[in-house]
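Between the sequences and the hints, there should be enough to build the whole structure, so can you do that?
In order, the protein sequences belong to chains Y and V.
Count along the first sequence from 1, then add 517; that gives the number in the working numbering.
Count along the second sequence from 1, then add 4; that gives the number in the working numbering.
There may be inaccurate statements among the hints.
Listed next, the in silico EDC-like pairs over lysine to aspartate or glutamate satisfying Cα-Cα at most 16 Å (straight line) [stated by the list, open to error]:
hint : chain 1 : residue 1 : chain 2 : residue 2
1    : V       : 46        : V       : 33
2    : Y       : 552       : V       : 115
3    : V       : 225       : Y       : 677
4    : Y       : 644       : Y       : 677
5    : Y       : 552       : Y       : 541
6    : V       : 144       : V       : 25
7    : Y       : 588       : V       : 478
8    : Y       : 552       : Y       : 526
9    : V       : 73        : V       : 152
Sample of chain V residues with no beta-carbon within 10 Å of chain Y, all distances over it, derived [said to hold, decoys possible]:
hint : residue
10   : 137
11   : 230
12   : 232
13   : 245
14   : 246
15   : 284
16   : 285
17   : 294
18   : 324
19   : 366
20   : 368
21   : 371
22   : 400
23   : 417
24   : 427
25   : 527
Since the hints were made in silico from the structure, they are not lab data.
Virtual Cβ for every residue (Gly too), placed ideally from N, Cα, C.
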Amino acid sequence: MDLIEKIIEKKPAIVKRWLDVLVETYPEDSRVFFKKETDQFANPVGFTFSKELESLVEYVVRGNLGEEASKGLDRIIRIRAVQDFSPSEAVKFVFQLKGIIRDVLGKRGSLEGFAGELELVDKNIDKAGLLAFDIYSMCRERIYELRVGEVRREVGRLLERANLLCQAAQQ
Amino acid sequence: MAQTPKPEELAKIEHSPPLMEGWMDRPVEIREGFYCYGAKGKNLAAVGMPNPRDWNPADEDWKLPEDWKEIVLDGFKDRLDRFRSFKLFMDICVRCGACADKCHFFIGSGDPKNMPVLRAELFRSVYRKRFTTAGKLFGKLAGARDLEYNVLKEWWYYLYQCTECRRCSLFCPYGIDTAEITIIGRELTNLLGLNTDWIQAPVANCYRTGNHLGIQPHAYKDMIDFFVDEIEEVTGVRVNPSFNRKGAEILFITPSGDVFADPGTYTAMGYLMLFHYLESMGLDITWSTYASEGGNFGFFTSHEMAKRLNAKMYAEAKRLGVKWILGGECGHMWRVVHQYMDTFNGPPDFLEEPVSPITGTKFENAKGTKMVHITEFTADLIKHNKLKLDPSRNDNLVLTYHDSCNTARGMGIFEEPRYVIKNVCNNFYEMPSGTIREQTFCCGSGAGLNAGENMELRMRGGLPRANAVQHVHEKHGVNMMACICAIDRAALTTLMEYWVPEVQICGVHELVGNALILDGEKDRTTDLRGEPLPGMEDMEEEEDV
Ligand code: SF4
Ligand code: SF4
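Shown next, in the form of structure tokens:
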């Protein structure tokens, strides 16, 4: 069994720990809610986190960072980009996967003899972390674009009639 | 609305605070992206608000009068005496937590102070300290604390993170309405000149020219003339609206957002086409360039300011001598009309009970205010087969409908807009049941929060709404969400651009305008937005060549 297979075998435990570290970035009172409420419409944040982390584990450790992985990361980071986090706090959870894998698999010495493969997995996690940063910046850029777009829509019609706007301003 | 619980149900409620321990020890941090800029001195002065000066919420010093604490506490006491509901809401919460996870701002942020119970607790703690014996004696042990500068800042920060949407009240076994607490809390901040400029500037403008943008009558009329040209381009028919016409039977009032802001402008075109269609059938209606705003940002300031700005509706109806008022698609305008106008500025005994001149239907529900909602009016027309409609013109659209908090929870309009949509469109899908009708999720930008500088707040507040839209987009291919609120049309457009960019926003009467078959119209090739109609895509391309 190679390391990736071992990781996938332990996926439920890894996902659980990964969700824990992600949710731990929120105040205590909200952690319970994010984890316990299972209705996807009553609790979009908690639901999105557990759903996306579940599929991300495999993509990330395999270094399979195509469209599906981007989409999953995007769904999580889009949320965190409008919450009270600094950029590094918003994406830190991706890098924390390294420690989680070690904790979960390292117990009964299951990582022995896998140093090379582990290094590869770490590299894949780093790549996913960088992708997460890109997504975060795109979300933030979007926020600025939204501001501009809104002003344009609010007064765009008036600007089309700019002559009127000037007249009104002069009076 | 909240059902009155039975005694045995009440007995089952856990009377001990489940959460929220230690919240008093976590001081507020005013963070960029989550608050709106402070009201400018000139806009405060324009309507005689106290403490007019420029101020910045990010500054240490908010430039308050020396006796600010007395001012607030006197104001608090005065309101406890005047509003029985406020006093009750301060007293009866058992902190059961049923409302805690129902607020879109909490759901989207995980900030515990956005739980409705804790939002209210920010006030209750001071209430206990100052106005109850237990609080005076036991202080923090009894959940009490005094009003300090930082506490005031915390109030302010979280008062302007509540959209007064009332979703939480639906789940409270006692019917406590945190929106009312916010409304009164904001009144208190306004005693110190602590409004946001996004609210105060429209208030000042509205007072001066009748609408939020400060547009003068000739510009307002010119804008509508512009729509007349656009409608002619699309349909070949020239509509002929009238303005400030004395002796008209009906006065039409709509939010200025319909006239100036995309995509509301297409809804305004829909109204114009509908009125034109009905003219030959006996509709006698006029627009007003003075009552040129249905919206009322005074409602987000104080009861008194809401009343002052609302007064122009009846004043204009009286001046023009109309019989009744028809109101356009707006959210908080209707909350004010439905819940307050009669008490504020009524009874309007110079008006008559509204009767549709086309169908003869008496709008008995509008007996008090004499003001009818346009979706009621149009639904009634369709029900009586008075409109020739071609819903296939909207076949490019797969619709869902967003219940705006104010029209849904605030006044119970659920069926009429759906009935109209289903008659003018062929593809309609509801969002999941916990996210619509009474339980609808707020756009996250209501109650004067639709500014640019607090965009992060708006996006996370709107997340539960967007999440449900995403679901119907993925499941049914929904690409358009209709609503009957001008703030929604602007705010949801932005919300979708962030969360579900494939979905656009429209008003219900935009859809009506597209489907309505006007006498003498040409073969239409585009909808009101200039997009090709179904099957006409090739023609557009040919024209482009
Ligand atoms: S009224 Fe709406 S925004 Fe305010 S606390 Fe209740 S749910 Fe939240
Ligand atoms: S406001 Fe109502 S639902 Fe919320 S904690 Fe208090 S009693 Fe419970």
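So, going through the hints one by one against the coordinates:
no., hint, in the structure
1, V:46 - V:33, "violated (28 Å)"
2, Y:552 - V:115, "holds (15 Å)"
3, V:225 - Y:677, "holds (15 Å)"
4, Y:644 - Y:677, "violated (47 Å)"
5, Y:552 - Y:541, "holds (11 Å)"
6, V:144 - V:25, "holds (11 Å)"
7, Y:588 - V:478, "holds (14 Å)"
8, Y:552 - Y:526, "violated (23 Å)"
9, V:73 - V:152, "holds (8 Å)"
10, 137, "holds (29 Å)"
11, 230, "violated (7 Å)"
12, 232, "holds (13 Å)"
13, 245, "holds (17 Å)"
14, 246, "holds (20 Å)"
15, 284, "holds (29 Å)"
16, 285, "holds (30 Å)"
17, 294, "holds (16 Å)"
18, 324, "holds (24 Å)"
19, 366, "holds (37 Å)"
20, 368, "holds (36 Å)"
21, 371, "holds (37 Å)"
22, 400, "holds (21 Å)"
23, 417, "holds (22 Å)"
24, 427, "holds (28 Å)"
25, 527, "holds (27 Å)"
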